[in-house]
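Novice: Please construct the entire structure, taking both the sequences and the accompanying hints into account.
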Amino acid sequence: MTINIPIKDIIAKKAAAELFDGAVVNLGIGLPELVANYIPEDVEVILQSENGILGMGPHVTDPAVDHNCFNAGGKCVSLKPGSMLFDTTTSFMFIRGGHVDIAILGALQVDQTGSLASHEIPGKFIPGMGGAMDLAAGAKKLIVATSHTQKGQPKLLEKITFPATAINCVDTIVTELCVIDIVDGRFVVREMSADISKKELEELTAAPLMFNL
Amino acid sequence: MRSKITAYEEIVKSIEDGMQIMIGGFLADGTPELLIDAVIESGAKNLTIIGNDTGVPGRGISRLIDTDQVARVITSHVGLNPRTIEKAIAGTLDLQLVPQGTLAEQIRCAGAGLGGALTPTGLGTKVAEGKRQIEVQGKTYLLEEPLHADLALLKSAMSDEFGNSFYEGTCKNFNIVMAYAADTVIVECDQLLEIGDLNPNTVETSGILVDHLIKGAKCDY
Numbered sequence: 267m268t269i270n271i272p273i274k275d276i277i278a279k280k281a282a283a284e285l286f287d288g289a290v291v292n293l294g295i296g297l298p299e300l301v302a303n304y305i306p307e308d309v310e311v312i313l314q315s316e317n318g319i320l321g322m323g324p325h326v327t328d329p330a331v332d333h334n335c336f337n338a339g340g341k342c343v344s345l346k347p348g349s350m351l352f353d354t355t356t357s358f359m360f361i362r363g364g365h366v367d368i369a370i371l372g373a374l375q376v377d378q379t380g381s382l383a384s385h386e387i388p389g390k391f392i393p394g395m396g397g398a399m400d401l402a403a404g405a406k407k408l409i410v411a412t413s414h415t416q417k418g419q420p421k422l423l424e425k426i427t428f429p430a431t432a433i434n435c436v437d438t439i440v441t442e443l444c445v446i447d448i449v450d451g452r453f454v455v456r457e458m459s460a461d462i463s464k465k466e467l468e469e470l471t472a473a474p475l476m477f478n479l
Numbered sequence: 005m006r007s008k009i010t011a012y013e014e015i016v017k018s019i020e021d022g023m024q025i026m027i028g029g030f031l032a033d034g035t036p037e038l039l040i041d042a043v044i045e046s047g048a049k050n051l052t053i054i055g056n057d058t059g060v061p062g063r064g065i066s067r068l069i070d071t072d073q074v075a076r077v078i079t080s081h082v083g084l085n086p087r088t089i090e091k092a093i094a095g096t097l098d099l100q101l102v103p104q105g106t107l108a109e110q111i112r113c114a115g116a117g118l119g120g121a122l123t124p125t126g127l128g129t130k131v132a133e134g135k136r137q138i139e140v141q142g143k144t145y146l147l148e149e150p151l152h153a154d155l156a157l158l159k160s161a162m163s164d165e166f167g168n169s170f171y172e173g174t175c176k177n178f179n180i181v182m183a184y185a186a187d188t189v190i191v192e193c194d195q196l197l198e199i200g201d202l203n204p205n206t207v208e209t210s211g212i213l214v215d216h217l218i219k220g221a222k223c224d225y
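Chains as they are written, first to last, in our numbering: chain R, 267 to 479; chain W, 5 to 225.
It is possible that some hints are incorrect.
Rough simulated footprint, nothing fancy, chain W against chain R, three-plus residues with beta-carbon under 8 Å [what the hints assert, rightly or not]:
(1) 325-336
(2) 356-366
(3) 391-397
(4) 427-437
If you're looking for bench data, these hints aren't it; they were derived computationally from the structure. Glycine included, each C-beta is placed from N, C-alpha and C at the ideal position.
Specialist: Have a look at this one:
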């Protein structure tokens, strides 16, 4: 019998396996935040938070009344030894200036050209892009961590239909079913869940797949 | 050096209809709540608010969204404030979404005397519509223009009476850059010090940028 792990935790754990020792990493709000819980023990990363932290530590569950360190989702966090605090202008010098190695963002849609839609469903959902567009433009590697489908509908497409957050920027997509690299405008499956066949994966993906397992 | 300490009532009186107001903070952390009270009490309408986000329900800029004093918001993210999204979709609030790093640079340009920033952020997206694209050293950039305000409302952890200020933790955010980019700058401080008592090594906003200073609700001076 297998234990039911929530899909988002499966995705977070797989995304964490993409990180390398010493990497400067920015985790987007929502699902990507969970990646911090699954970083392998032999991998030390420096977490950047766009609201002004390099060297962010775990969440603080019992903060003092004057606690003044938060993550970009507004949650109380700690600082690791050797951390730095800064303002927004400086934060985006790190981000846009190419000093962040890996950004992990969520997605509404992502396509085979590496374009990402994560910040708007016109007329319905308009949270705004926050720092996502700058991260897409500036991070050395962009990983999308997302469920493979939304209410049964594929999120991995030939071409995104929602407004673009970034064009031709995504390097790797991690879902609960697989890990895909985007190579020359194609989805290349590098890793696949044992619970699913190639045919099933193709049916859940609205773009051609190549397999390099 | 002149003390900038100003009575709350004077600040309330100075806030006028139609003002363009920058407000520091990130999800209401580092947002001057007493100065938000002052804007509410002024009853000023038709305001344009510039800030990273519109706070969270009950805190920060959210409180101005709730009082219907705001006609337009220039911001990067409103995902944690459902009221802002509702009003924008209903058409009662003009919501202008800007990438966070671009917003910071637009404000910096206004404060630093620059005519704009060239950024790759937003190329190929709706953000680029209607904007000039300029090629520099073989790369394409968007020209983003300076963004200035009539008033900046900021929140410090510590200020001296002249207005020299220090922001703690992740409360530096937009507070530092906004101090340069508004005609009038008002700082709300948690802790008020005499001139000379704030270590110059820790000053992040110079008092020369600050017009008015008010003791925050937490102030123990």
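Novice: Please go over all the hints and tell whether each is borne out by the structure.
Specialist: Evaluation of the provided hints:
Residue count for the segment 325-336 of chain R with a Cβ under 8 Å from a Cβ of chain W: 4. That meets the three needed, and the coverage hint holds. Evaluation of the coverage hint for the segment 356-366 of chain R: fulfilled, as 4 residues show C-beta separations to chain W shorter than 8 Å, against a requirement of three. Under the rule that three or more residues need a Cβ within less than 8 Å of chain W, the assignment of the segment 391-397 of chain R holds, with 7 such residues. For the segment 427-437 of chain R, the proposed coverage by chain W is satisfied: 6 residues have a C-beta within less than 8 Å of a C-beta in that chain, meeting the threshold of three.
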